[in-house]
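Can you make the complete structure from the sequences, with help from the hints?
Protein sequence lines correspond, in order, to chains A and B. When the first sequence is numbered by full-length UniProt numbering, its final residue is 379 and no position is left out of the sequence of numbers. When the second sequence is numbered by full-length UniProt numbering, its final residue is 379 and no position is left out of the sequence of numbers.
Honestly, I wouldn't trust all of these hints.
Identical copies go unnamed one by one, so any copy, or any two together, can satisfy a pair.
Dumping the calculated DSS-like pairs for lysine-lysine here, alpha-carbon to alpha-carbon at most 27 Å [what the hints assert, rightly or not]:
id, residue 1, residue 2
1, Lys342, Lys302
2, Lys302, Lys362
3, Lys106, Lys45
Note that these hints are calculated values from the structure, not bench results.
There are 2 protein chains.
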Amino acid sequence: MRAPLGILNRLSFSSMSLKPLVDVHTHVYLPRYASWLRSRSVAPKIMSTEAGEERLLILENEPSGGRPVGPQYWDRQEKLRFMDLHGIDISFVSTANPWLDFLSAKDAHELALGLNSDLEEYCSTGPSYSDSVLKRLYGLGLLPLVPGITIDAIVEAVNQIAAAPHLKGLIMGTKGIGKGLDDEALDPVWQAIEAAGLVVFLHPHYGVDSNAWGDKDNGHVLPLALGFPFETTTATARLILSGVFDRFPSLRILLAHSGGALPQLSSRLASCIDHDPVLYFDAVAYGPEELGFVSEVVSRSKRFETGSTVQEEADRREGSQRMLFGTDHPFFPPLTSTEKWKSVVENLEAIASVPGWGASEKGGVRGGNALSLFGLQIK
Amino acid sequence: MRAPLGILNRLSFSSMSLKPLVDVHTHVYLPRYASWLRSRSVAPKIMSTEAGEERLLILENEPSGGRPVGPQYWDRQEKLRFMDLHGIDISFVSTANPWLDFLSAKDAHELALGLNSDLEEYCSTGPSYSDSVLKRLYGLGLLPLVPGITIDAIVEAVNQIAAAPHLKGLIMGTKGIGKGLDDEALDPVWQAIEAAGLVVFLHPHYGVDSNAWGDKDNGHVLPLALGFPFETTTATARLILSGVFDRFPSLRILLAHSGGALPQLSSRLASCIDHDPVLYFDAVAYGPEELGFVSEVVSRSKRFETGSTVQEEADRREGSQRMLFGTDHPFFPPLTSTEKWKSVVENLEAIASVPGWGASEKGGVRGGNALSLFGLQIK
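Below is the structure:
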């Protein structure tokens, strides 16, 4: 088990109260990626409407013919404006789903390397955070995880990300190279990621079989509110059961949407508890009870090691150290460009209202924990 | 909104400390049902092995060729022995999945009526609880919810259950008559259930599309630990979105496995919160953190009505009033017939260890809440 970096680094932030605010769940379609999407005739694609607007279709048969897209998806100035509007100091930017999943092995390989290079430049040429040594933008790179790719090509991208000073991890979906993340063929990839100390941001895209949603038109509600978290939960459970965390115990996995349903089902799926130490949870759950609960669950593995079954108030505080604020920008925008985004405000209010979290815990979830996880220090 | 019966009835139990212990999640295959299963050549079926034992196959392609079945599935004496072994005073017994789902409309109708009659007799001719007016066994009946059935035939079964003195509700899966529970065709059924004051125990069977589980052989783990709760979560969300709880506001739904992932995803699926008052949760979640969290979430709807966003310690106590102990007997048995069942012991320990629950709350979850929900009084 690696040293609890969180505890050490947190001390330097706790006195800073609510600064910095760090967003670990924030997306971009870089221009090189947007160009690919514009060239396509099936989803994922960017289409031009007759009115001259662009719309993004991530999945075929999406309700309402896709969503409007604009510079907030690719323009760095728009990302910084969004950050300023909400007081976000630092963002760890990642390509949004579906990443490279729809590409041939050759195209995915080429585009991964190009996008990782673009993202490093996006971050390195951006502004600094206050008068610190930190930048305001860091990146999570991409791997060419598609069927038919060679493992060497994937590891090449891992090494490229590891060598890029402003890329601190990578984002991935749940399909691996076609058989999911519990595919032993990926072991050299986990090994390279672990050796490089990169954080893996595990993010859903496919949800579950749409037959589950029935005949009623509920828009995006069921696939997004339930299907996405189910996918993350399933992928994480499969990773655990496959022994990946036993073979690569220093891997660090950041789970989108606070781990989906994993915390609530983790006693039912008891093996999760044993593997909690490697799991980190974004704080994109929209309610203080959910966040407080996740922090309790996160702390259980330690208690089980000591044989204690009694929950202490300190457990909720300790568990908070593996939870990290995120916005999901630029998705779910408000109606006008000047108002604050509801999902951001809700998640910040939720963090502020978790019973049992003091200023130190809230400051950690707002930013300190993210800096610790990604190995950054302000001074 | 109906009067908070739970609060009124609870007072009479709180002084009784940990008695009675009531099991709301406990299953049976009555002899009439077991005979049907023995006559079948595809799942669900009961097969005889060459060694003369019987095995139950609930789904085709189940790992390890199904599970051993014996008298614990149909013999009332075995149910009572199990209850005595664990100090369970009263059980609300229901037919296990897949209920009547595999039958023709004609057979399902006939078997529903026959099984409801059998279950009433199973309960009414059983022992009394201590020297009270209560029995030790009550039942949750069955409806012939299959494609092609007439709504009149379903309502007939509702009325039969309502007229049976020892049947206090009914168990159902998530398919309805083929299109799920959000099918408007079922409105007369909900209306009849609501008018009769019967509790609906919503229980999973199908899980989600098995492609989600990948190629690895993880046995039953993923379909049971994740697929089952996902199914319950989805069905409940679809019920909420369809407006069933708005049209029939006095319906009372008991959710298996503590509502699956619904509590953790309920802020993401915010409409759940508005409809919390009609939802009850069994306490089959195997961990005290999960149970405490569910009780917090359950209490939110009231706070939202008052406009308060501050969580009080009392909320967790109040939310506990809609949670109810269950065993899932006779599934997941231990290796010897004399030892206590791990899942029962775990769930009782979990109830005993929830932070913020006092003796009154624990006594309620152990039994008082169930008696309130099902409208029973000891004296």
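Here is how each hint holds up against the structure:
no., hint, result
1, Lys342 / Lys302, "between (35 Å within a copy, 22 Å between copies)"
2, Lys302 / Lys362, "both (21 Å within a copy, 26 Å between copies)"
3, Lys106 / Lys45, "within (19 Å within a copy, 50 Å between copies)"
Figure legend: structure checked against the earlier numbered hints; every hint is met.
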